[in-house]
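Got chain A sorted already, so can you dock chains B and C onto it with the hints?
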Amino acid sequence: MVTKAQNTQLVQTGPGTPMGSLFRRYWIPALLSEELREPDGPPVRVKLLSENLLAFRDTQGRVALIDEFCAHRRVSLWFGRIEMDGIRCPYHGWKYDFRGQCTEVPSEPAGSHFSKSVKLTSYPCVERGGVVWTYMGPPELQPAFPEFEWAMVPDSHRYVCKRIQENNYLQAMEGGIDSSHVSFLHSGELHTDPLHKGTKGAQYQQDTAPKLEVMESDGGLVIGARRRADEGHSYWRVTQWIMPWYTMIPPYGDHALHGHAWVPMDDENCYAWSMTHHPSRALKPEELEAMQNGQGIYAELIPGTYRTVANKRNDYLIDREAQKKGTLYSGVRGIAMQDASLQESMGPIVDRSLERLAATDIAIVRARRRLLAAAGNLGTDAPLPGLDPATHRVRSASFVLPEDVPLEQVLKDATAKTDTEHTSI
Amino acid sequence: MVTKAQNTQLVQTGPGTPMGSLFRRYWIPALLSEELREPDGPPVRVKLLSENLLAFRDTQGRVALIDEFCAHRRVSLWFGRIEMDGIRCPYHGWKYDFRGQCTEVPSEPAGSHFSKSVKLTSYPCVERGGVVWTYMGPPELQPAFPEFEWAMVPDSHRYVCKRIQENNYLQAMEGGIDSSHVSFLHSGELHTDPLHKGTKGAQYQQDTAPKLEVMESDGGLVIGARRRADEGHSYWRVTQWIMPWYTMIPPYGDHALHGHAWVPMDDENCYAWSMTHHPSRALKPEELEAMQNGQGIYAELIPGTYRTVANKRNDYLIDREAQKKGTLYSGVRGIAMQDASLQESMGPIVDRSLERLAATDIAIVRARRRLLAAAGNLGTDAPLPGLDPATHRVRSASFVLPEDVPLEQVLKDATAKTDTEHTSI
Amino acid sequence: MVTKAQNTQLVQTGPGTPMGSLFRRYWIPALLSEELREPDGPPVRVKLLSENLLAFRDTQGRVALIDEFCAHRRVSLWFGRIEMDGIRCPYHGWKYDFRGQCTEVPSEPAGSHFSKSVKLTSYPCVERGGVVWTYMGPPELQPAFPEFEWAMVPDSHRYVCKRIQENNYLQAMEGGIDSSHVSFLHSGELHTDPLHKGTKGAQYQQDTAPKLEVMESDGGLVIGARRRADEGHSYWRVTQWIMPWYTMIPPYGDHALHGHAWVPMDDENCYAWSMTHHPSRALKPEELEAMQNGQGIYAELIPGTYRTVANKRNDYLIDREAQKKGTLYSGVRGIAMQDASLQESMGPIVDRSLERLAATDIAIVRARRRLLAAAGNLGTDAPLPGLDPATHRVRSASFVLPEDVPLEQVLKDATAKTDTEHTSI
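Protein chains in written order, with UniProt numbering: chain A, 1 to 425; chain B, 1 to 425; chain C, 1 to 425.
Same shape as in the complex, but just chain A (with noise of 0.2 Å):
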């Protein structure tokens, strides 16, 4: 279904690709803001869509992104000193401040001009739920700033992380979108996991052929699974797909609320976000201690970096006998894990034209083609879908509905944001 030349579009993203053009037009969570814990401490190295860049936080708090390399002669900033509002580097001196403008070349005379002659690449950043956002495109061209739930709520309510991925952001992303692989790759976690455990959702999840609908909304699509329910009923799972790399999970029960971003690094490699809320209270201790240690969606990362304990080098742990007594379907712990096996698996990009495709990756294949729109768009007058903040407004969520509830009436209430308490089961 997708030709090598489509993939090739879909999984390029570095300056002056397709693909890459479009993701500059959007808002991307570059690190979290506790990377950059107080002003003037160290900068961190952040590589986003094949670029190499450099953050970190001045004196007055404000967060810098810029090209890693000095301009002069192009030794990486990394080791360069946080000095009074800027950085420094070290070879010989030259301090640029959060903008990337250079305000001092200690070697040049008095009265000399020439540091202002002298900018390096910056981009505008912004923080919101945790995150440090960046924008990388045009700046006419600015869009507003992004307005998800998980980014709005009281920092009490919110917990954020991410891991990196040594694959492609399409083929983790496809795993984001793609409602149906739960019932198999995540099913020792339906009986085991408390997140899921007991719940309706887990037992009506082991109906391993959803029935999958999809409609595009404003902000990339709305994707139904309906499996079977009690007597007269389906179990319907909504999940939101918003361009160009945010997927939301629908919870079960009152539990809070989980969500991915998948931002690509370079064509080989992403960063996996991953971001849980709940809307109306705060998390609980041992809700935040489970994820602190890598448990449900996260991971076990390994001290001072944001790289997995388990891993391709070691096989990701695997562990032969909880597979074969079915506790951990493929042998790989943890929900992130289990997913970033597979994906990592594939090799580092995926040759999708080798594909045998089924009924249930409609949504992944309209994705697909929803990207590949939009970067074709580009230049043209047609919207942008997820880059309006109203369209960051929405929810995933689970229902159990007779059977006669028109699709579109379940699509048209999972859409709408509520206040109230959310209604997954």
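The set of hints was computed from the structure by calculation and includes no laboratory data.
All values reported here derive from a predicted model rather than from experimental measurement.
Misleading hints may appear alongside valid ones.
Because identical chains cannot be distinguished in the list, a pair is counted as satisfied if it fits within a single copy or across any two copies.
Each computed DSSO-like pair below joins lysine-lysine, with the alpha-carbon atoms no more than 27 Å apart [stated by the list, open to error]:
1) 4 to 47
2) 200 to 211
3) 312 to 47
4) 4 to 116
5) 95 to 119
6) 324 to 119
7) 324 to 95
8) 95 to 312
9) 47 to 95
10) 284 to 200
11) 119 to 211
Then chains B and C, alone, in the frame of chain A:
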């Protein structure tokens, strides 16, 4: 003698290459039977001729060798669940039988025939001599099963293992064909190894200027190396090369017989198989223990892998003192790693157009020529050497004969399999 | 200022490249004499200008530098046996003398002249100053031996070591030419290192805006950096760059003199040589101990290797606290690793077409120009700077002089070698 173009043709064995097409006409040692110890045990990754494959033993004990990647979305089935009579992809539950036929796509409706249309590449397998053999060529050309003596004796009479060597198969195989390097590289063993020490053969092999004579056999080549023995006598070591990659080492006295298979994983790595058998008695516990410990032609393996403890990353644990003293001629311990260290030191693919060959390389020259000729004959009526199992039923051997015994008589004796005690000294 | 094409020309030094042809006209520091401590000791791998070579010291103490690979089947002679007056390939016993001449092919019949026709590439070597030098160019153009002062003083007056740096030689050498970065990158040392601390020079070097003046010398460049000193005086640091890759650092007071050679291994790695000598006295035990411990311009090495303990895989053990406090300007410990960390951070080969140069880069600009010009002059009658040993007999030095001393007089003083005490402050 070999042009760059001929070298390329000799070393490349991926799908569609001349040598790859030739090798796909033969049964190929794929993995050890013991790697698939029991029905429904974990699957094993196998790489052959640049193809990524997966092996498993199904509920009925049948061995499957199929494409490593699920037809659906191309994740590795190494993470798959071994279930009743098949393997199930953990992503969406597609199930395949031992022939790679998809038997179940759970997301499809009850009456769907979709799964019938999905089939993975798979290769037929047969088990013989503790080895799973596969055939990767056109089904209509599948030859009879291999009948090497080591594969046909009772299990008690045999020991087989493999190790991964990090270079092209050909430079490894050429070491197995080369009867002259023993007097140098392995000369320490001639004095110290229990298999050689004190034998007449070891003594005679100190003649470093063997005369080589090569005769084409139906299977490949018979290679005679003649050295000086006692007054008026010659010491012959007669080695077999059976197409496409089998070599057999003449034994010393009543010791067990050794052989190798040099099987391409891809163009820069190969499986170095070692086989030991005695035609008329069970191997002794001390013989087995020595081989399991990586002595003789075997190597010490990193537990849980087929990679060697001594390897290029640790300079093969070279012992310069032992090299100086001559107890280890090259300073590397063990016949296997002595060969592997030098062969890997050539780089992954040696450029044979730079070689400077001598008279003792005649067997190597002839083997290359025979490989190229056989590849050139594909599609014609010319028979492929080594395809007929009758050509497998040969032995290597050593003899002391009067100087005036004609060579042809020696070779005739050597190529005739006898059921009596073997006659090496 | 440098185009991509010029950059390519500057950085590539393999056989047949313009810069490679230029460099092959000079004597090249190949390895430390102590790496070949005694006759018939183990051979050592050496990589120079993208050629894989092997060094050994033969029975008579002569140094051989030959092709790493046996002419016969191309195995690495690093596994070779050092025997009487030569090295023997462990595969088939071919023996080579220190000139790469094959002297024995044991498999050949007694009267054979075959070995006479086999010769490995080999390069003449000379030992001076604890260093084995080689000449890789056309024999008829071999220049006189190098006569750098450090190489000519008694052994007791000198310390030499090397380390492997993982980037192109040029960006390393440019650091050695660059007199202005000391005021920044190494400024911590100006306050704390025993070699600098408390000297007038260290005090004056806090002027971060040196004026640079560059004069062509017969050897390469003389580079004068003038800083403010006490009332009405200037502090001059005069650095030598001798073609093709030698740099000399002005000392502080009566301290020993330091120099470097930046020698390409291949286009992405180089040997960073450091040489220290005192022209008129033996080095003191505490000086030697400090250097052996990797202090000053030396680096701590991984035992048994010339690779550094601090390296890019451990972020050079950066100490952000020390960086913050200013005791380590970039947070990296030691002058050598301060330079190496930044130079490696540019990537293996920096793209100079992206640079933004300033007035203090004039020496670097001139050096590049001189290298390109010299490569362009190959094959003409134009003399090559630095080829005549007379051009080696120069020193770097520092002076405090009245502001009105004309520059030419300063340089004239600096370039004249004196046998009296050196005069740096």
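Identical-chain pair category, residue 119 with residue 211, by Cα at 27 Å: Between. Shortest inter-copy distance 24 Å satisfies the 27 Å Cα cut-off; intra-copy 54 Å does not.
Up to 27 Å CA-CA - residue 119 versus residue 95, copy category: within (10 Å within a copy, 57 Å between copies)
Copy assignment of residue 4 with residue 47, given that the CA separation must stay at most 27 Å: Both, since 26 Å and 25 Å are each at most 27 Å.
Identical-chain pair category, residue 324 with residue 119, by Cα at 27 Å: For residue 324 and residue 119, only the inter-copy Cα distance (25 Å) is at most 27 Å; the intra-copy one is 59 Å.
Within, between, both or neither, where residue 200 and residue 211 count as close if Cα-Cα is 27 Å or less: within (18 Å within a copy, 78 Å between copies)
Homomeric proximity label, residue 95 with residue 312: Cα distance no greater than 27 Å: Between. Shortest inter-copy distance 24 Å satisfies the 27 Å Cα cut-off; intra-copy 40 Å does not.
Status of residue 116 relative to residue 4 across identical chains (alpha carbons, at most 27 Å): between (46 Å within a copy, 26 Å between copies)
Identical-chain pair category, residue 324 with residue 95, by Cα at 27 Å: Between copies, since 16 Å is at most 27 Å while 59 Å is not.
Homomeric proximity label, residue 284 with residue 200: Cα distance no greater than 27 Å: Classified as within; 22 Å inside a copy, 63 Å across copies.
Up to 27 Å CA-CA - residue 95 versus residue 47, copy category: within (22 Å within a copy, 39 Å between copies)
Up to 27 Å CA-CA - residue 47 versus residue 312, copy category: both (21 Å within a copy, 17 Å between copies)
Checked against the numbered hints given earlier, this structure breaks none of them.
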